[in-house]
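Trainee: Residue strings, one per chain:
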Amino acid sequence: MEHHFDQELKALKDRLLTMASHAETAVNRAVDALVNRNLELALQVRVDDEVLDQFEIEIDELAINLLSKAPLASDLRLVTMAMKLSQNLERVGDEAAKIAKRARDLSKEPPLKLNLEIPRMSSLALGLLKSSLDAFVNRDSVAARALIPRDKEINAMHKQIQSQLIAHMKESPDNIARSLNLLVAVKSLERIADHAKNIAEEVVFLYDAEDIRHAEK
Amino acid sequence: MNSPALSSRHFRATKFDFGSFFFTGLTGLATLCILGILAVILFNIVAAGLPAISWRFISTIPKKDFFEPATTGVLPMILGTSIRVIVMTLFVIPIGVITAIYLTEYAPNLSPVTRVIRAAVNNLAGVPSIVFGLFGVGFFINFIGQGMDRALGHESVVWGQPALLWASLTLAVMTLPVVIVATEESLKAIPMGLREGSLALGATKLQTILRVVLPQALPGIMTGGILAISRAAGEVAPILLTGVAYYMADLPTKLSDQFMDLGYHVFVLSTQSPDIEKTRPITFATVLVLLVLTFALNFVAIIIRARVRKKLRALG
Amino acid sequence: MSDTVLQKIEMPSGEPASGKATPAATPFIEVEKLNLHYGAAHALKDISLGMKERVVTAFIGPSGCGKSTLLRCLNRMNDLIDGVRIGGSMRIGGHDIYAKDVDVIELRKRVGMVFQKSNPFPKSIYDNVAYGLRIQGMKSGGELDAAVEQSLQSAALWDEVKDRLHTSALGLSGGQQQRLCIARAIAVKPEIILMDEPASALDPIATSRIEDLILELKKDFTIVIVTHNMQQAARISDDTAFFYLGELIEFASTKKIFTNPTNKRTEDYVTGRFG
Numbered sequence: 001m002e003h004h005f006d007q008e009l010k011a012l013k014d015r016l017l018t019m020a021s022h023a024e025t026a027v028n029r030a031v032d033a034l035v036n037r038n039l040e041l042a043l044q045v046r047v048d049d050e051v052l053d054q055f056e057i058e059i060d061e062l063a064i065n066l067l068s069k070a071p072l073a074s075d076l077r078l079v080t081m082a083m084k085l086s087q088n089l090e091r092v093g094d095e096a097a098k099i100a101k102r103a104r105d106l107s108k109e110p111p112l113k114l115n116l117e118i119p120r121m122s123s124l125a126l127g128l129l130k131s132s133l134d135a136f137v138n139r140d141s142v143a144a145r146a147l148i149p150r151d152k153e154i155n156a157m158h159k160q161i162q163s164q165l166i167a168h169m170k171e172s173p174d175n176i177a178r179s180l181n182l183l184v185a186v187k188s189l190e191r192i193a194d195h196a197k198n199i200a201e202e203v204v205f206l207y208d209a210e211d212i213r214h215a216e217k
Numbered sequence: 001m002n003s004p005a006l007s008s009r010h011f012r013a014t015k016f017d018f019g020s021f022f023f024t025g026l027t028g029l030a031t032l033c034i035l036g037i038l039a040v041i042l043f044n045i046v047a048a049g050l051p052a053i054s055w056r057f058i059s060t061i062p063k064k065d066f067f068e069p070a071t072t073g074v075l076p077m078i079l080g081t082s083i084r085v086i087v088m089t090l091f092v093i094p095i096g097v098i099t100a101i102y103l104t105e106y107a108p109n110l111s112p113v114t115r116v117i118r119a120a121v122n123n124l125a126g127v128p129s130i131v132f133g134l135f136g137v138g139f140f141i142n143f144i145g146q147g148m149d150r151a152l153g154h155e156s157v158v159w160g161q162p163a164l165l166w167a168s169l170t171l172a173v174m175t176l177p178v179v180i181v182a183t184e185e186s187l188k189a190i191p192m193g194l195r196e197g198s199l200a201l202g203a204t205k206l207q208t209i210l211r212v213v214l215p216q217a218l219p220g221i222m223t224g225g226i227l228a229i230s231r232a233a234g235e236v237a238p239i240l241l242t243g244v245a246y247y248m249a250d251l252p253t254k255l256s257d258q259f260m261d262l263g264y265h266v267f268v269l270s271t272q273s274p275d276i277e278k279t280r281p282i283t284f285a286t287v288l289v290l291l292v293l294t295f296a297l298n299f300v301a302i303i304i305r306a307r308v309r310k311k312l313r314a315l316g
Numbered sequence: 001m002s003d004t005v006l007q008k009i010e011m012p013s014g015e016p017a018s019g020k021a022t023p024a025a026t027p028f029i030e031v032e033k034l035n036l037h038y039g040a041a042h043a044l045k046d047i048s049l050g051m052k053e054r055v056v057t058a059f060i061g062p063s064g065c066g067k068s069t070l071l072r073c074l075n076r077m078n079d080l081i082d083g084v085r086i087g088g089s090m091r092i093g094g095h096d097i098y099a100k101d102v103d104v105i106e107l108r109k110r111v112g113m114v115f116q117k118s119n120p121f122p123k124s125i126y127d128n129v130a131y132g133l134r135i136q137g138m139k140s141g142g143e144l145d146a147a148v149e150q151s152l153q154s155a156a157l158w159d160e161v162k163d164r165l166h167t168s169a170l171g172l173s174g175g176q177q178q179r180l181c182i183a184r185a186i187a188v189k190p191e192i193i194l195m196d197e198p199a200s201a202l203d204p205i206a207t208s209r210i211e212d213l214i215l216e217l218k219k220d221f222t223i224v225i226v227t228h229n230m231q232q233a234a235r236i237s238d239d240t241a242f243f244y245l246g247e248l249i250e251f252a253s254t255k256k257i258f259t260n261p262t263n264k265r266t267e268d269y270v271t272g273r274f275g
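Residue numbers (this note's numbering), protein chains in the order written: chain A, 1 to 217; chain B, 1 to 316; chain C, 1 to 275.
These are computed hints drawn from the structure, not numbers from a lab. Source: prediction; values computed, not measured. Any given hint might turn out to be false.
[Unchecked claim] Calculated lysine to aspartate or glutamate pairs in the EDC-like style (CA-CA distance at most 16 Å, straight line):
hint, chain 1, residue 1, chain 2, residue 2
1, B, Lys311, C, Asp127
2, B, Lys205, C, Asp103
3, C, Lys117, B, Glu196
4, A, Lys130, A, Glu24
5, B, Lys205, C, Asp203
6, C, Lys256, A, Glu210
[Stated by the list, open to error] Partner residues are not named here, just some residues of chain A that face chain C (Cβ under 10 Å, in silico):
hint, residue
7, His3
8, Phe5
9, Leu72
10, Ala73
11, Leu76
12, Arg77
13, Asp208
14, Ala209
15, Glu210
Just so it is clear, CB atoms sit at the ideal spot from N, CA and C, and this is done for glycine as well.
Bound-form chain A, shown alone:
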């Protein structure tokens, strides 16, 4: 017979997995809305974010309840990491909502005629998020470790797009509004990639009991 405690742990993990899937969907929709100027998708993302907020509350509640039962060893790591993961995923939802808002604003005006690497950066960020969540699902701490350096590439791309947009704003003051919207959206993409990296670090702690945060500073 399964302990009650094990059932509760399983419920926690299931909620977390579901939340991860939702977060991935939300970011997918947000990026799609941005790149393909899809207003309808943009509106859906706001709902997605609210769902993710509720998930965070629910998961934290489950986790605190489990903590009161003094879990140890791998159970302890699961419960504490669940709280951190849910927070990361909630923030990912927030960033997706921000992107969607900017996408909505941008879709009301004609697109900027700039050759920005936004689609590629979006794709990389999405890929990083997906990889980190897959590592969590598949208990693959090796894969999690491997994807941490990928964040650097996304940061570099972010910087580049940023300077491009800043230069453009100086040249064409008429386009400042649209440029700013893009700046914010791209910043959110970079934040999503950061969160994906955090998720990977938490996965490593969860499965290897090793704290690899803040290693290269």
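Starting from the known structure of chain A, fit chains B and C onto it as the hints suggest.
Mentor: This is chains B and C only, laid out in the frame that chain A set:
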């Protein structure tokens, strides 16, 4: 799944429980029987003996006029019985306690030596009283007593004959199992934890026994003593050959003296009297004195034991 | 006091007990390939571990795993049981305590013990604490009074009993009795205190006081504690040893055992999956 609701029938007695009633009745009946028998015996003795009790009776040293209710007395018998019981106690308690301590605390449980000692103690308890008397003659009087006389260079026989000391020792041997068993039981009742606590502090086994175990076992040991006293006070057969005398003109003053005894005197009064009817009151009176003496000795011991118990339970 | 092999234990100078599982610290208690048989039963199998000085080491494991048996080897209380055979070695401060010339009585003055079921003597509180000292010959007087007071202070019991030192120890509550037993044990100033589930019969508040006491005591004494309560071991011990069926499965710092044990059986036991 719903459980049936509690109704008043769960609380009312539904049918008469014959079994409980039967056994309660049986045990009550048994108690009444025992009390009844005791009451009848005591009543008989008191009714028949009380008229003959007087201060003169218990304080007079009789001349050979045992059978005269008007002039006889039982002072020497009271003294004789008391002294032999007390001397017996002085011997049996130390020896019994030490043996019990050895058996409980020191002897390896399953060794053949231990089993032999235990068997000996148990068998000793079943030996008939008169056999102890014969043992007392053969061992104490003939072997030790005469040996002492030779060693001390006595011209005439001092120790090699019936004496207070030998009678007391014979009784001690007889009541030894009682003391040993009572002491063992009280030692076993002391939890191992107490001994372990003492040993864990670096005490030796002996220190543990003397400072922790024995003080706790004291009430139990005293119970053994009380049982021994009760048994020995009324015993006649063991002292028959080892020290009691039909008639002594003076009170006993030394352990090598012979003595008179209440129990033996009852025997004398019942069998040697020329006029049984006339002697009956003093026979019963002697029995009554013996009973009172036994109760008194027990009572003193019980009081002491109660105080020891009280002291153990709550100090100051 | 007589000269015995087991002298006052010399401590390598200047070495504070760090509480971390550093291999460099010389173990104060060293068990090497210890085997114990109760008649035919093999209760302890090839136990080897080293415990540091002035540190709390916890023994955990399911019932019957041998942790209490090993504890009782440390002060040779197992000698009291018929048919016990011990092989291997157990060294305290470098001295083999099972050597032929060891005086067990002296050993037990150096290695004290507190039992699961508190066992105060049916004497006064004062006489309980003074017992160990009186056995060693200390006479009643100022020195004894001071020693009794100090022990009761160290056991966090003085304030509660100072006005009734000469009343029976049996009148104290369960938690107080256990603290009295601790005071009694530390009165003889041992180097090591062994505790066999000292709080298992106590309510949570009494337990918490005993745990605080242990954390204070470890400044002056080396403590080895057997416990069923995982959270207790996590709260108060520095190192933890996990036993199962007579074997030592894992021995590491408490933090490691309770957040990330190496051995799967340890993990399963600690998370309550078995035992």
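Trainee: Next step is simple, just say for each hint if it's right about the structure.
Mentor: Evaluated hints:
1. Lys311(B) <-> Asp127(C): 14 Å, holds
2. Lys205(B) <-> Asp103(C): 13 Å, holds
3. Lys117(C) <-> Glu196(B): Holds - the C-alpha atoms of Glu196(B) and Lys117(C) are around 11 Å apart, at most 16 Å.
4. Lys130(A) <-> Glu24(A): 7 Å, holds
5. Lys205(B) <-> Asp203(C): Given that 16 Å is the threshold and the Cα spacing comes to 34 Å, the pair is violated.
6. Lys256(C) <-> Glu210(A): Answer holds: Lys256(C) to Glu210(A) is near 11 Å, not above 16 Å.
7. His3: OK, holds: His3(A) within 10 Å of chain C, min 7 Å.
8. Phe5: Hint on Phe5(A): holds, closest Cβ of chain C at ~7 Å, below 10 Å.
9. Leu72: Nearest chain C Cβ about 5 Å off; hint holds.
10. Ala73: 5 Å, holds
11. Leu76: 6 Å, holds
12. Arg77: 7 Å, holds
13. Asp208: 9 Å, holds
14. Ala209: 3 Å, holds
15. Glu210: With Cβ-Cβ at 9 Å, under 10 Å, it holds.
Violated hint: 5 only; the structure is consistent with all others.
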